[in-house]
Amino acid sequence: MANIQSNRWQISRRQTLKGLGATMALPFLEAMRPLHGQSASSGDPVRMACLFMPNGVRPDKWTPTGSGKTYKLSPILSPLEALKEEIMVISGLTNKASHGGDGHYFKTASWLTCTTIEKTVGSNVSSNGISIDQVAAQEIGNSTRLPSMELGTEPITSGIDRNVNLTRLYGSHISWKKPDVPLPCEINPRIAFDRLFRNRNKKGGAAAGNPDKSILDIVLDDANSLKRSLGDEDTHKLDQYLESVREVERRIENEASQLGAGQNLTPEALKQLAALSERINKAGGGSKNDFGSLQRLNPTEHVRLMMDIMVLAFWTDSTRVSTFMFGNAVSGKNFSFLDGVSGSHHSISHHKNDKKQLDQYQIINTWHTEQYAYMLQRMKEIPEGSATLLDNSMVLFGSGIRDGNAHATKDIPIVLGGGAKGQLKTGRHLETSGADLSSLYVGMLKRLGVSKQKVGEASRELRGI
Amino acid sequence: MRLLLTLGLLSLISPSLWADEFADATRALFKKHCYSCHGEKKQKGDITLHDLDSLEAAFQKHALLDNIIDQIESGDMPPDDEDVLPTDAERKQLIDALSNINNRIKTGDVPQKAGRVTLRRLNRNEYHYTVRDLFGVNFNPSQDFPADGAGGEGFDNTAAALFSSPALLEKYLSAAKKVIASVYLSPGLKKRAIFKQPETPKDTEATAKEILSYHATLAYRRRVSEDDMAPLMNAFQRETKSGKSFADSLRAPFTALLINPRFLFRAEHNQAGKDEWKLNDFEIATRLSYFLWSSMPDRELFRLADAGKLSDPAVLKAQTLRMIASPKSTSLARHFAGQWIGFDKMVSVVDPDQKRFPAFNDDLRKAMYYESVEFFSHVLQKNRPITDFIDSDYTFANATLARHYGLKEKVTGSEMKKVALHNKSRGGVIGMGSVLTSTSLPLRTSPVLRGVWILDTLLGDPAPPPPPDAGELPADDTKAEGLTFRQQLDIHRKAPKCANCHNRIDPLGYSLENFDAIGRWREKDANGKPIDASAILPGDIEFSSPAELKTLLMSAKNKFAANMTRKMLSYATGRGLEYYDEAVVTKIVAKLEKSGYSTQALVYEIVNSRPFLNRSSTR
Numbered sequence: 001m002a003n004i005q006s007n008r009w010q011i012s013r014r015q016t017l018k019g020l021g022a023t024m025a026l027p028f029l030e031a032m033r034p035l036h037g038q039s040a041s042s043g044d045p046v047r048m049a050c051l052f053m054p055n056g057v058r059p060d061k062w063t064p065t066g067s068g069k070t071y072k073l074s075p076i077l078s079p080l081e082a083l084k085e086e087i088m089v090i091s092g093l094t095n096k097a098s099h100g101g102d103g104h105y106f107k108t109a110s111w112l113t114c115t116t117i118e119k120t121v122g123s124n125v126s127s128n129g130i131s132i133d134q135v136a137a138q139e140i141g142n143s144t145r146l147p148s149m150e151l152g153t154e155p156i157t158s159g160i161d162r163n164v165n166l167t168r169l170y171g172s173h174i175s176w177k178k179p180d181v182p183l184p185c186e187i188n189p190r191i192a193f194d195r196l197f198r199n200r201n202k203k204g205g206a207a208a209g210n211p212d213k214s215i216l217d218i219v220l221d222d223a224n225s226l227k228r229s230l231g232d233e234d235t236h237k238l239d240q241y242l243e244s245v246r247e248v249e250r251r252i253e254n255e256a257s258q259l260g261a262g263q264n265l266t267p268e269a270l271k272q273l274a275a276l277s278e279r280i281n282k283a284g285g286g287s288k289n290d291f292g293s294l295q296r297l298n299p300t301e302h303v304r305l306m307m308d309i310m311v312l313a314f315w316t317d318s319t320r321v322s323t324f325m326f327g328n329a330v331s332g333k334n335f336s337f338l339d340g341v342s343g344s345h346h347s348i349s350h351h352k353n354d355k356k357q358l359d360q361y362q363i364i365n366t367w368h369t370e371q372y373a374y375m376l377q378r379m380k381e382i383p384e385g386s387a388t389l390l391d392n393s394m395v396l397f398g399s400g401i402r403d404g405n406a407h408a409t410k411d412i413p414i415v416l417g418g419g420a421k422g423q424l425k426t427g428r429h430l431e432t433s434g435a436d437l438s439s440l441y442v443g444m445l446k447r448l449g450v451s452k453q454k455v456g457e458a459s460r461e462l463r464g465i
Numbered sequence: 001m002r003l004l005l006t007l008g009l010l011s012l013i014s015p016s017l018w019a020d021e022f023a024d025a026t027r028a029l030f031k032k033h034c035y036s037c038h039g040e041k042k043q044k045g046d047i048t049l050h051d052l053d054s055l056e057a058a059f060q061k062h063a064l065l066d067n068i069i070d071q072i073e074s075g076d077m078p079p080d081d082e083d084v085l086p087t088d089a090e091r092k093q094l095i096d097a098l099s100n101i102n103n104r105i106k107t108g109d110v111p112q113k114a115g116r117v118t119l120r121r122l123n124r125n126e127y128h129y130t131v132r133d134l135f136g137v138n139f140n141p142s143q144d145f146p147a148d149g150a151g152g153e154g155f156d157n158t159a160a161a162l163f164s165s166p167a168l169l170e171k172y173l174s175a176a177k178k179v180i181a182s183v184y185l186s187p188g189l190k191k192r193a194i195f196k197q198p199e200t201p202k203d204t205e206a207t208a209k210e211i212l213s214y215h216a217t218l219a220y221r222r223r224v225s226e227d228d229m230a231p232l233m234n235a236f237q238r239e240t241k242s243g244k245s246f247a248d249s250l251r252a253p254f255t256a257l258l259i260n261p262r263f264l265f266r267a268e269h270n271q272a273g274k275d276e277w278k279l280n281d282f283e284i285a286t287r288l289s290y291f292l293w294s295s296m297p298d299r300e301l302f303r304l305a306d307a308g309k310l311s312d313p314a315v316l317k318a319q320t321l322r323m324i325a326s327p328k329s330t331s332l333a334r335h336f337a338g339q340w341i342g343f344d345k346m347v348s349v350v351d352p353d354q355k356r357f358p359a360f361n362d363d364l365r366k367a368m369y370y371e372s373v374e375f376f377s378h379v380l381q382k383n384r385p386i387t388d389f390i391d392s393d394y395t396f397a398n399a400t401l402a403r404h405y406g407l408k409e410k411v412t413g414s415e416m417k418k419v420a421l422h423n424k425s426r427g428g429v430i431g432m433g434s435v436l437t438s439t440s441l442p443l444r445t446s447p448v449l450r451g452v453w454i455l456d457t458l459l460g461d462p463a464p465p466p467p468p469d470a471g472e473l474p475a476d477d478t479k480a481e482g483l484t485f486r487q488q489l490d491i492h493r494k495a496p497k498c499a500n501c502h503n504r505i506d507p508l509g510y511s512l513e514n515f516d517a518i519g520r521w522r523e524k525d526a527n528g529k530p531i532d533a534s535a536i537l538p539g540d541i542e543f544s545s546p547a548e549l550k551t552l553l554m555s556a557k558n559k560f561a562a563n564m565t566r567k568m569l570s571y572a573t574g575r576g577l578e579y580y581d582e583a584v585v586t587k588i589v590a591k592l593e594k595s596g597y598s599t600q601a602l603v604y605e606i607v608n609s610r611p612f613l614n615r616s617s618t619r
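In order, the protein sequences belong to chains A and B.
Going by my numbering, the first sequence opens with residue 1, and the numbers climb by one from there.
Going by my numbering, the second sequence opens with residue 1, and the numbers climb by one from there.
Because the hints were derived from the structure by calculation, they are not lab data.
Virtual Cβ for every residue (Gly too), placed ideally from N, Cα, C.
Each hint should be verified, as a subset may be incorrect.
What the hints assert, rightly or not - Straight-line C-alpha distance at most 20 Å; calculated EDC-like pairs for lysine to aspartate or glutamate:
id	chain 1	residue 1	chain 2	residue 2
1	B	Lys177	A	Asp212
2	B	Lys209	A	Glu381
3	B	Lys44	A	Glu118
Unchecked claim - Here chain B is said to cover these stretches of chain A; the calculated rule only asks that three of the stretch's residues, wherever they fall, bring their Cβ under 8 Å from a Cβ of chain B:
id	region
4	45-55
5	175-186
6	339-350
7	370-378
Whole structure, please, built from the sequences with the hints as guidance.
Structural data, given as structure tokens:
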């Protein structure tokens, strides 16, 4: 069922490569950097990615020692040594709205909303808030190909958690477009890649002639007569759908006008896109039926492909906002692929203070940090004017709980990487005593240039960032 | 109360505050003894009583009541270290009030209604099967759709838990184009879709309309109106004007059909001003076909609906039986039983450690999955009793699985065949590789998970959550440090906060310890020590093998039947169950008992029930 290895990858590859090849010959490729969408601001925009790690961290190996600029990274954070000047480790934060409820779902679905989710097995799913990526996307997402991207590596967990009487879908969603509209993660790197880049640099054409647009028009043509016989909640479900239709239509128009304006990618960007596309194909394997989807991508490569897609999307200004879930809450992912680990993530996180289990937990946590470091490093290598892509971005990394053994909600693990165009004082360990996570988000939205800066209950930014 | 009335304050007091014998009997006692841990400030065990303050609230929260009764009756709650404990008379007063609610719910002595399901989006599987039946394509266009979350009783067809997003719409659009493209590429399918050609240019429009209204009827699952046809015909005309051929001009409207919300969503009409009404025949046809086939109605259902005959009980019964007999009912096995029993996890979730269990390959994974599918289909189609799920003297196996199980019967080939079982270890869902593997961890068995699975999945009796710091046993059972795995678990269970639940859970799992983490029979554990499968449940119930466990479960037939009925009713209606559904369940279980637990009777009784055939104005 959940099969990320579609048998149609082969076709996509051919189409993609053909598309990319054709563009190489187009005349307007002199620009040294990829062009950005028409943004009002001058120069490179600020981008934001939020990377969610499930199941918490080993508490005694996470927090750096020392504060301010003279801090020393902890064992779990040690992979970030070369990036120490580009990050800010923030200790002592808590997400108050997520306290109470259960140990995982309340802390995952609300990670980016800072609200208390509705307790339900499914009849009235609601985060009771909009996640910060979507708040940002609504304001700064209009000029890019996609307003936002939601990526992950695990299919949505189905079923009900009978222990706590919650639908497990809460544990699989951190992005909420509206309180009752969770956005699922794309877990197939091929689809994520194609969605961003497939038609990039095709010869432009008027949106009006676009066959996709005319098909959507037929549906919208029909929309009003549809609502007449429906009740309220039915109308609400239908509206969710029709809004999606309108949004995709806007996207098509947007795309066409950008292509029409001759906004194209540089040879360097195209080269990197082709290389990434090739890597996705190589990682793909592929199985023609539902079964065998467990011959999954190599877990590390899977994560890195997704990260590279985010990096290239930011670099080419195809989107400015992205979320990524390393895994779903309560993820039972088998981490035996790491030396020294045997067992699944969630089981090991309930370590019971057993030395051996704690060590395994730490190895898993450190692996997550390594992947985060990989993404930051990639962004650091990409120049933008006199700065780098990393300097112009904010990449949040963390979890909704601290110690997975106790589902602890205080002092949750949070790192913010990147300088947001000089607006963040990186290279520091910022210690707070119980400040709310939402106040950090207020500061992040402000640096993105978003005018709506109320997150959860907070409207003042965290001091000292 | 009288005093208040005479003071003329009636209008300020909500009805639940004065005509509520439940609140009168319980509120003061709850407040005195329970609120401090189960109230607004603290919610220990995630249980609150301050909001259990009216008759209506008690109905709504009825699933909690048995648990509360148990706790009060056994003396576990309030805990002994409280300063003031309720007297025996007070305990009785609470238990009586709570039991009274339970009885009223079970017997239907509560306001009854049909319930209301929200507009239902086709889920990923339903989309696949519907497109297959609509246009005859034989690939799965929904393979890359995001998995659907679940709601209600745990099914991914629960309307309220199905959402739309722009990313999904993009996938619908690309799937629609792919489907229509493949229809146009296949001469047979193309001819089936465009079943008529205009004889003269003058006929073009009429012919197009005939073709499009035929497909729109099928796609929208009802008669179509001029309103429905207008956008499709406009699109056709636009394409024709731009110089496209007749067939090519139909392409856009065909594609548009597949992303039209009338196709993607199952709407049921509203009747303004009424509290409850009967579904019309087309709506019944649609509910029936998505329940039994996860797909659109076929010609016969359409014909009967069009003639207004489907709501006739005799016709409805005959159709239900006809649909069960169709191979398409395998979707009920795959998606209903798959999610209820949990064997659908075999497709992609279950992940035994490859190094420890090299025998677990894709062939075995598939065989385990299809054993369960074939077994369920057989029980349904041959009208075996539902108790076959608890115990049976047969199962389905191919050569791979028979070898894995060490079956006496010789089985050859990769096809699943019905096989007689010669000992009582296998048989029923408990002996199935799919269940045994999906209730294990990657490196070892988990008697706890297996125990919880039996309580929740078979008996509908989920265990409460463990405290967060309860800890887990090592993920691997090969380094037991002198203790057997079971001894470690026994130590864990001695902690008083664990004992209460684990005394009920663990023994159930112990009796299955002869099955390893991928469902093979074993006499020794991973460290070479003999398996101890003896178990004692509270009440000194001793047993020590899968066979004895099954005998035990057979003594709880009606509990199992009620649970299966609830699950199937939720799956069939696409919504979570409400308190007023409990009386429907009671009635169906009584009929099942009379029918000897016939599986087809269960399906038919659900089809013929008030929630399935009617719709209320409110939830």
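Hints versus structure:
no., hint, verdict
1, B:Lys177 / A:Asp212, "9 Å, holds"
2, B:Lys209 / A:Glu381, "59 Å, violated"
3, B:Lys44 / A:Glu118, "18 Å, holds"
4, 45-55, "violated (count 0)"
5, 175-186, "holds (count 8)"
6, 339-350, "holds (count 6)"
7, 370-378, "violated (count 0)"
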